[in-house]
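Once you've looked at the hints, dock chain S against the given chain E.
From first to last, the protein sequence lines are chains E and S. Under numbering that gives the first Met the number 0, the residue at position 78 of the first sequence is numbered 77, and the numbers go up by one with no gaps. Under numbering that gives the first Met the number 0, the residue at position 181 of the second sequence is numbered 180, and the numbers go up by one with no gaps.
It is possible that part of the hints are untrue.
If you want the footprint, here are the derived chain S segments under chain E, 3+ residues with CB under 8 Å [claimed, not checked]:
| no. | region |
| --- | --- |
| 1 | 44–58 |
| 2 | 74–83 |
| 3 | 93–104 |
Below, computed lysine-lysine pairings styled on DSS-like, alpha-carbon distance capped at 27 Å [what the hints assert, rightly or not]:
| no. | chain 1 | residue 1 | chain 2 | residue 2 |
| --- | --- | --- | --- | --- |
| 4 | S | K134 | E | K9 |
| 5 | E | K5 | S | K54 |
| 6 | S | K54 | S | K13 |
| 7 | E | K9 | S | K106 |
| 8 | E | K9 | S | K69 |
| 9 | S | K106 | E | K238 |
| 10 | E | K5 | S | K13 |
Partial list, derived from the structure: chain E residues whose beta carbon lies under 7 Å from chain S [what the hints assert, rightly or not]:
| no. | residue |
| --- | --- |
| 11 | R6 |
| 12 | S10 |
| 13 | T13 |
| 14 | Q14 |
| 15 | S76 |
| 16 | G77 |
| 17 | T78 |
| 18 | E80 |
| 19 | G83 |
| 20 | T84 |
| 21 | F85 |
| 22 | P86 |
| 23 | I89 |
| 24 | A199 |
| 25 | R209 |
Hints in this document: simulated from the structure, not taken from any laboratory. Being a predicted model, the structure only gives us computed values, none of them experimental. All C-beta atoms, glycine included, are put in the ideal place defined by N, C-alpha and C.
Okay, here's what each chain looks like letter by letter:
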Amino acid sequence: MFTIFKRELKSYFTQPTAYAVICIFLFMSLFLTFTLGNFIKTGDANLEWSFFFWHPWIYMLLAPALGMRLWSDEQRSGTIELLGTFPTTIWSAILAKYLAAAVVWGIALALTYPMVLAVNTLGDPDNLTIFSGYIGSFLICCTFLAITCLISAFTSDQVTCLIISCSICVLLVVIGFDHVARALAQSFSESTTDAIVSTAVLDHYRPLLRGAVRIQDLVYFFSIIMACLLSTSAILNAKRA
Amino acid sequence: MIEVSDLSKHFGSKTVVNKLSFTVKQGEVLGFLGPNGAGKSTTMRMVTGFISPSKGDAKICGVSVIDHPKHAKRHIGYLPESAPLYNDMTVHDFLKFCAAMRGLHGKAGSSAISEAIETCFLGNVSHQSIGTLSKGYRHRTCLAQALLHDPDVLILDEPTDGLDPNQKHEVRQLIKRLGQSKAILFSTHILEEVDAACSRALIIDQGNIVADGTPEELRQQSGTNSLHDLFRKLTTKETD
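Excised from the complex, chain E in its bound form (with noise of 0.2 Å):
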């Protein structure tokens, strides 16, 4: 698995993917909290509203762009066939992969550190809630990875599974919203629109963007990548039955 995780890492590092994701992760994530976010105005100290509040949304098209050739490019090459032959599981080969995607990401995210020395040369932050809200951001990265992990087994082409991430990526950050819960209210009984909005990922992180590290969200986010990591899983096998 180690073998197969290091591959991955340095093919992010030898093609631009990682280079570009993390420019752009870094300049959006650093302009929206400098003129939507207001910082200096603001005064958040704890960077909830204006640094951490826009990740989900940078996420949910950026964090398809880094998985989306995850098995898409392996199927489309023929090296899944490689893969498949080694004396190696399926289960190690996705995880290593998802890993050194986390991996990409987690880097991305460590490199906004400027902004936590901001915050402590400017004001008096809470440094335990700064550090959940980078828990909440990269859990949230991870879940969006999972989930384009899982539609890239299905196609060996890349584009269309960065369609399709995105849009299931989008729709889980917008059912979020009230005035989307109310339009889904006036379609589905209370009880299905309540079952559907309880999967918006932003309830789950803004107690994290708080400091609250519940186990409820944790479990929620958890949940989702396991079972979409485990789907991969069935997926590749089901292709190879």
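Chain S alone, transformed into the frame defined by chain E:
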């Protein structure tokens, strides 16, 4: 070394491989002949454990590919038909990756890589990016990864496809040489390769074995001492 028993594969209602049974012993080179779509690649993919058979089993050095796939795959070196490679890696890095996947690290890995590079004549391109290689070099790089761990069994799907006549000759000579100590199964629809490299050959058509024997036996079976005539007689033509 390779024991295939009643191997079958169905895709929906279509039977692609129908109860194939054959063995390949150590020191034997079995040529797998057949027209396009006969089921050669599907059979090889089942024997290597890449796809699961609908019925039957394949054993590599006595280990079932279905029951103990990881263990069985350690004994196999496989060259897929499309010679898939990672275009963003250099030849050396790719072989290093494959060696590591086979449990060859450090000095053992370096030694295996050097030997594979020498055997497959990749010395000139070992630090070149795979994406820039010609078809012949790509094929040889993929063949090199199959040889790294000195497997007991080699399964090569059309190993000379797309190579120029010199390269074809080199690969056939290599197969013949390796076949003295290993069990080799290779597929082709170039009948000249049967005489050049095989100790035995199977002809399959529409998933069924239609002929099995040494090159000499097959020529006698044709009645005209010609493998081409036997092939045309026993296999389904697209004009049928």
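Now the hints, each set against the structure:
| no. | hint | verdict |
| --- | --- | --- |
| 1 | 44–58 | holds (count 6) |
| 2 | 74–83 | holds (count 5) |
| 3 | 93–104 | holds (count 6) |
| 4 | K134(S) - K9(E) | holds (25 Å) |
| 5 | K5(E) - K54(S) | violated (37 Å) |
| 6 | K54(S) - K13(S) | holds (14 Å) |
| 7 | K9(E) - K106(S) | holds (22 Å) |
| 8 | K9(E) - K69(S) | holds (26 Å) |
| 9 | K106(S) - K238(E) | violated (38 Å) |
| 10 | K5(E) - K13(S) | violated (41 Å) |
| 11 | R6 | holds (5 Å) |
| 12 | S10 | holds (5 Å) |
| 13 | T13 | holds (5 Å) |
| 14 | Q14 | holds (6 Å) |
| 15 | S76 | holds (6 Å) |
| 16 | G77 | holds (3 Å) |
| 17 | T78 | holds (4 Å) |
| 18 | E80 | holds (5 Å) |
| 19 | G83 | holds (4 Å) |
| 20 | T84 | holds (5 Å) |
| 21 | F85 | holds (5 Å) |
| 22 | P86 | holds (4 Å) |
| 23 | I89 | violated (10 Å) |
| 24 | A199 | violated (37 Å) |
| 25 | R209 | violated (42 Å) |
Against the hints set out earlier in the document, violations occur for numbers 5, 9, 10, 23, 24 and 25.
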